[in-house]
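*Asks:* These protein sequence lines are chains V and R, in that order. Just so we're aligned: 466 in the working numbering is position 466 of the first sequence, and the numbers increase by one with no gaps anywhere. Just so we're aligned: 1119 in the working numbering is position 119 of the second sequence, and the numbers increase by one with no gaps anywhere.
Hints should not be assumed to be uniformly reliable.
Computed footprint of chain R on chain V, listed as stretches where at least three residues anywhere in the stretch have a Cβ under 8 Å from a Cβ of chain R [what the hints assert, rightly or not]:
hint : stretch
1    : 91-103
2    : 140-152
With a cut-off of at most 25 Å between alpha-carbon atoms, the simulated SDA-like pairs for lysine to any residue come out as follows [stated by the list, open to error]:
hint : chain 1 : residue 1 : chain 2 : residue 2
3    : V       : K69       : R       : D1080
4    : R       : K1007     : R       : R1064
5    : V       : K476      : R       : S1056
6    : V       : K476      : R       : A1076
7    : R       : K1092     : V       : N93
8    : V       : K101      : R       : R1064
Keep in mind that the hints were calculated from the coordinates and are not lab data. Predicted model only: the values in this text are computed from it and were never measured. For glycine and all other residues, C-beta sits at the position ideal for the given N, C-alpha and C.
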Amino acid sequence: MAQKQAAKKTDKSMALPSKRSPAGKTAKSRSVLPQALWRKIGANYLLTNDSGHYAWLKEKDFALVTAGKMTERDPLFGELAAKGFVRNRLDFNDLASKWKKKNSYLYYGPSLHILVLTLRCNHKCLYCQSAAGGAGAKHTDMTAEIARKSVDLAFNSPNPAITIEFQGGEPLLNWEVLKSAAAYARKKAKITGKELQLALVSNFSLMNAEKAEFLLRHEVSICTSLDGPRALHDKNRVCASGSSYADTVKWIKYFQARHEKQVPEYRVFKPSALLTVSRYSLRSHKEIVDEYVRLGLEDIFIRPLAPIGYAKRLWDTIGYDAKDFAAFYFKSLDYILKLNKRGVVIKEKMAAMMLDKIVNFRDPGYLDARCPCGAAIGQLAYNYNGDIYTCDEGRMVGWEGDDLFRIGNVFKDGYKKLMTCPTTKVCVVSSNLEAQPACARCAYKPYCGVCPVYNYETQGSLWGNMPANDRCGLFKGIFDALFTLLRDPGKAAILKKWVAK
Amino acid sequence: MKKQANKTISIRVSLKDRNLDAVRYAAYAVSDAAYVFVRSAGKGAVTVEFTPKNGSPAKDLSRRFQEELADEKIRAAIFDSNRDLREFMILKALAYEETPAAAKSDDSGLTPEQESELDALIAQVESEIKKESTGGKTKDPLGITRTWEEKYGAKTSRKKN
């Protein structure tokens, strides 16, 4: 039935274009797969295509399909035809609409605008990627004028929905500028009619009731870092003035309580937390997940460490390889699924974002895993001094003395110049997966993305070398885990529920 | 056709049924474990030399390369047969617009005066139907048949902008 419908939908206007290739083999080429990518996992092959459809094949079926010998009588034929894996049964409208939906970000400008309000920080996290300076480095505070200029530039993006994220260092150390920038952005949104989200990433150590009230009234969503139970969190996130964990937990509970007690004047968002996995975390997957559950957090974002910033210097102590992370990730995910089965509400955010692409053919807005990557065309990072970088990671490289990823300054450069400058272009070209020999052949290409900054930092070139690239290994591990779990009907049902909106 | 000299292994690959690109891509796929040099080996063949990195076993390298080479042959066949098709599909996807719901035609063929006359007539008929169905009296004191918007006005967003 499915195949009949697929064939029917392929109307005359969608007729196949003439072939350019080694000629005259029409009959043979019709039976060949159309565009397809594959990966052998265990004894089976995972088959994917540009639109994001996937299918599992046994080795013998894979041989039949690739040799063009699978017949219509084969039980798999219908499924493969409906998913765009049979050349003369392509439903062009379905494939085109899915491709477009999944790559919808290509039609808008940068949505995420990161304002680095200060480099000062009262923490000394082992893996810091924010170029944090000491609490006395006041010369690294963004001025109100630079903040306004940054907001103005953010609003120049053609994207109808923008997010302005206040970051640092610890952004609460530059509270007055945060306040004025937030209020200014809200006014600007009213005038322009753009949808605006404000977000704060803070360690909460300087949070108080007055600040919390302002943030809530201005509908600023709140995000913090939580690395697990007290001992682990405080080991990763060193705070001279005491326990980082105590402040984090106190304010998570506060914002949770405020979220539950909504008021009519404004929306109160649920607070969220980010987990950064260091080597110290690898043996504590259960304890970490339990900590999130205990605090009522419904999302846990298991993020790998990147050898950038302080983490690069301490890599031998706190780093790990892709295999170690993949094992940790799989164990964590498995445990989260077990908790879900028992009725506990918690989901892993990385998995949810990837699943949104795999299951729903949707763009979840994850700038790190898209093609091309989000550098400049998806996000901009505004440094405290008004310099603009392709992304926050690019800004970090700048702090280390290499301004390769600096694309302008809020006082000198306009939106058009930022988008057309050579650095932006080279980031787009180098993160285009079609131009990456290994990625262009990878089954995970429809859902994945590379990071030119990571490649530059770890392999000395924007293109990098994917077969030897640990980030590539990490993502492959995550995708392997997800696709394997999706084969189990019980686990697949839970995973699909995470992205059923 | 393998030779082992020091730690370097060489594999001779015929180009009779595959092109040089297929060999290069297959060699690139194992570049995590070895430094690779592709050299000409006379007419219609190349020699691929692998020098293992970090003591990767030579046997594994050879096996992985052969597997990649086999995959590359399939990929090349698929790519050759589908290049135009794929370009067509991507172009179609880039230009794809969801078909909008049947839009109201602007061109009714009526003058503005005729349009307003027609609107008045429709309103009159609608009001007559309403009267008939309610017998002239309101049988819906709780307003159950009225829409949310009729009762409370249009929905306003609580979202801040």
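*Asks:* Would you mind marking each hint as holding or not holding in the structure?
*Replies:* Consistency of the hints with the structure:
Check on the stretch 91-103 of chain V: 8 of its residues sit with their Cβ under 8 Å from a Cβ of chain R, so the three-residue criterion for coverage holds. By the rule of at least three residues with a Cβ nearer than 8 Å to a Cβ of chain R, the coverage given for the stretch 140-152 of chain V is violated, with 0 such residues. Under the criterion of a C-alpha separation no larger than 25 Å, the hint pairing K69(V) with D1080(R) is consistent with the structure, at around 18 Å. For a cut-off of 25 Å, the pair hint linking K1007(R) to R1064(R) stands: about 17 Å separates their Cα positions.
Between K476(V) and S1056(R), the direct Cα distance comes to roughly 21 Å. Compliance with the 25 Å bound is thereby established for this hinted pair. The hinted pair formed by K476(V) and A1076(R) meets the criterion: a straight-line CA distance of about 23 Å does not exceed 25 Å. For a cut-off of 25 Å, the pair hint linking K1092(R) to N93(V) stands: about 8 Å separates their Cα positions. Distance restraint check for K101(V) and R1064(R): the Cα-Cα separation of roughly 36 Å exceeds the 25 Å cut-off, and the hinted pair is therefore not satisfied.
Consistency with the previously given hints fails for numbers 2, 8, ordered from lowest to highest.
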